[in-house]
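S.K.: Chains as they are written, first to last, in the numbering used here: chain A, 1 to 328; chain B, 1 to 205.
Just so you know, the hints here were simulated from the structure itself, not pulled from any lab data. Just so we're clear, the structure is a prediction, and the values are computed from it rather than from any experiment.
Just the calculated beta-carbon pair ranges, DEER-fashion:
no., chain 1, residue 1, chain 2, residue 2, range
1, A, Ser192, B, Leu45, 14 to 22 Å
2, B, Ala109, A, Ser192, 25 to 33 Å
3, A, Arg173, B, Lys117, 56 to 64 Å
4, A, Pro203, B, Thr50, 16 to 24 Å
5, A, Gly213, B, Ser115, 34 to 42 Å
6, A, Thr209, B, Gly99, 29 to 37 Å
Yeah, the Cβ is synthetic: ideal placement off N, Cα and C, and Gly gets one too.
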Amino acid sequence: MMMMNGEATEAELFLNCADMSVLERQRAQLNYHHLPGFFSNSSTINGGEIDDGFLASAGLDLPEIYGEVHGDARISVSPGNITNESGNSKKRKFGCVDTETKVFNEKKKMMMMDREVEVEEEEEKSKITEQSTKSIMKMKNKAKKEQNSCSNDSSKVTKDSQRTDYIHVRARRGQATDSHSIAERARREKISERMKFLQDLVPGCEKITGKAGMLDEIINYVQSLQRQVEFLSMKLATVSPRLDFNIDDIFAKEVVSAPMMNLPNSVMPPHMMVNSGYPHDMVNSGYVHFNPMQQVVTSSDPLACFNNGQSATMWDSDVQNLYSSLGV
Amino acid sequence: MVDSLFPSIETTVDDASPESRRKRRRISETAKETAESSEINQESLKRWRTNRVQQIYASKLVEALRRVRQRSNDGGKITSAAREIRDTADRVLAASARGTTRWSRAVLATRVRASLKKHKKAKLTGARKPRKDTAAERKRSKLPAVERKLKILGRLVPGCRKVTVPNLLDEATDYIAALEMQVRAMESLAELLAAAAPRSMLTRP
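Just chain B, with the same shape it has in the complex:
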């Protein structure tokens, strides 16, 4: 209903002064903003809840994991492998988002940045100064409790630290839905592999 609305707003005004056309476009954009909020929420549910999406993700994940295995031989450490797997899973998840959300773009971008940062690690060690947590500071920062929590949420959702509050909530919505799907897919995958693998593999040191 809303979608059919906006074309009518745009097309029915035929007067062709460029200024009014610019205004019209801006107006319909702002109108679309508020429409998008409810649409994003409903769409994120539809996007991440279907079984088909989960299947696609699981198959893609398997593919990616296989490629990762081939590229880096298993050194035997589980934690590093686990981190690799988690990063791969996050990347595949972000890729399934098709770049429509901010967090997915940030996840895919950090891979590039991480590979660059490996060479520049030495530079960054001395840069940050840790803040001393004085009582006054604590008191001051406690006042806007909601804002503090929003900041924490911004840190949790990748790529959303300096994002406006309504957008942050939208991103968080989509991120939560995506994470749920990721957990479901990985659980079933792990279950599958655990069932198929002989017990000796699981108890291997």
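Next comes chain A alone, as it looks inside the complex:
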């Protein structure tokens, strides 16, 4: 039971590690006062106050790491003293089991392995270090499934299994505590995090939930982008014979008379593109992307005329026409 408390609060211990974007949210909900529970099996935890006494003695760097991330989380554990942690932390734990275990899963892989190394080397054979090593080992085994890069210290593992009564993996409430399922869950977390990022990238995907639909959108978008590139390369092929002769002249001319010259041409491309039967999403997305490029010319680089106000004059009216015609 003590260890359960400790296990659960390990979640906080590993807050510093990777997957910040996912876990930062969760971390916001976590209370650092959970932290003391980690070594609770043989330690005293002062109310919410923690100092790095234990950690310093155990050679662990957690305070330092926490210092980098949060700056206020520390653990104080005095070895050799098994006292029950204040019941409040336990209650709190049950309150946020979900978040804890999420964080816990991610973090433990990182930190546990790290700490295991450090703890191994520690000469003190305090109960805490032993048990923490065990817990580290046990959790490391779970994480290993996913990462396949940790060293497999079999001797430690066997020592672990003998004293499994101390080690509980804090899984989410109502979910399997299997090592497989925890690894699986971590893997799913990774994938969903990246899918979320892709959702931000691909326009028009906010409402779509589910991997299959998202993947469909992503595939369509990539295909449409590639088609756009093809179309544009064809367009460039029609004008590129002139590339050799007077490209510099063109740019020089453009810089001077950019606003004037482009207006007559600006009407053509949208209609041309729409009439040629290209899907609307392609035309749309092409112009959508052009919009952000409205900045003041900062250099005299001839190509800087890409970004000057000409785009504003050129595309704005076109985009508005286009949007109204497409009903966007």
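Given the coordinates of chain A, work out where chain B should sit on it, guided by the hints.
M.R.: Only chain B this time, still in chain A's reference frame:
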């Protein structure tokens, strides 16, 4: 924040047994993996969205196109020229990625392989056997819909057919950002040239 984290993990443990050092390195590597995922995503946006990057790409593209024009005289066919231009554009795009992503490396590598394959084309014609699309096969392959789509996505992103799912999504993220930039740059370039060129050039057969 995360970047400052890892040095601390590595440097604070001073005990010098080689085994532990190996473990430490492996551990920090795996820790970095998960950090990299979020970093890659944010970094790809920063990398491909700035205007400066677009300018650089456009100028490089112009240079490359000019060199291509010089090397192969325009035969008059637009489609072959278009393909050439597209390949050039993709190569320049991949070159701007500086080899950090898998798709960019694959794009740059296919150029070498393509030039080699030209000589070996005869060998490859009979090698592949087309799969008959039976109903049973269709039914079987329909079950993991998500996996099917992931495979399709893997085919779309160059060089990512046999890549793990999280890596594939990372590559796709960077690829999409790069493609967007490419489209923007080529559009503006085409616009520029179309505006500058006399109308007679555009209506030329």
